[in-house]
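The numbering of the sequence shown is full-length UniProt numbering, which starts it at 1 and goes up by one.
Please note: incorrect hints may appear among the correct ones.
Claimed, not checked - Pair ranges (Cβ atoms, derived):
(1) G242 - A102: 40 to 50 Å
(2) E257 - W72: 34 to 44 Å
(3) G227 - F258: 43 to 53 Å
Treat the hints as calculated values from the structure; they're not laboratory data.
All C-beta atoms in this analysis are idealised placements derived from N, C-alpha and C, irrespective of residue type, glycine included.
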Amino acid sequence: MGGILRSLGQWIVYGVLLLGATAIMLLGKADDGVIQRVRLQVTDAVVPILDGVSRPINAMTHAAEQIQSWIWLAEENAKLKADRERLLQWQGVARRLEAENAALRDLVKLAPDPQTHFVAARVVSNSTSTFAQSIVVNAGSSDGVKKANVVVSSEGLVGRVVAVSPRAAMIMLITDLNSRVPVLVGESRARAVLAGDNSDYPRLIHVITEAEIKPGDQIATSGMAGGFPPGLPIGVVAEVDGTSITVRPNMDRSRLEFVRVVDYEVPEMPGASASAAPNAAKLAAKRAQGSAGR
1 MGGILRSLGQ WIVYGVLLLG ATAIMLLGKA DDGVIQRVRL QVTDAVVPIL
51 DGVSRPINAM THAAEQIQSW IWLAEENAKL KADRERLLQW QGVARRLEAE
101 NAALRDLVKL APDPQTHFVA ARVVSNSTST FAQSIVVNAG SSDGVKKANV
151 VVSSEGLVGR VVAVSPRAAM IMLITDLNSR VPVLVGESRA RAVLAGDNSD
201 YPRLIHVITE AEIKPGDQIA TSGMAGGFPP GLPIGVVAEV DGTSITVRPN
251 MDRSRLEFVR VVDYEVPEMP GASASAAPNA AKLAAKRAQG SAGR
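All chains should be built: construct the whole structure from the sequences, respecting the hints.
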């Protein structure tokens, strides 16, 4: 009996819901305004409930975000403190080395490095071919540019001046076939010569056979022979294949826009002036004898 009553009650509920849905559909077709008013009334009744439910949820979400932010700030603060400690340690090391360097220079009476003067210039021509690689800049002898001046960019060594006019200068790039630059390789400080071959990857020649050179080693000028200041970055070792070592320059000649022309004062070789004076005296004596004979 109870089961029959339960089934009957369910059918009654289904019937009421069906009649309600049918009535709403009929009202919607009959008058849109009625449906709109019903919707608004239902919305007005539901909004306060939804607002009351969402407030604690939003508060909990905000609190969770704040906790995450505090944790992140604490971690960042710890990292910054550790970085500060490391920097202070390195600062102490740098100051100590600076003092030791000054003391050693004073001990051996080491002469200071030659002074350098810079002239900024814009690249106005970029000429590359199978036989030569060079650029032309809009600074010349009227700006103080001289032949054999060193040319650098923000990435490192570019080349050197090979020809000068009053308002322009031609620079031979380090990738040119005729370019030769004395360099130091990697942490081993192995001496070598960077030789251009008109490609994007110049080679290292005259390398000591026992030198340990590997890809990624930094290449910088050695300052030997006085042609280039020491320590100018050039590039990195790209490949080591037996005795063939190629270098990837930092300089990208296709993107060169501005360069600096460096007037590097090459130190005078000891004894050069002393030997020049006797030679000049001998030449003058020979000329005097010739004049007397005539």
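Going through the hints against the structure:
1. For the hinted restraint 40 to 50 Å between G242 and A102, the CB-CB distance of approximately 44 Å keeps it satisfied.
2. Checked against the hint of 34 to 44 Å, the C-beta distance between E257 and W72 comes to roughly 41 Å, which is consistent with it.
3. Roughly 23 Å separates the CB atoms of G227 and F258, a value that falls outside the hinted 43 to 53 Å.
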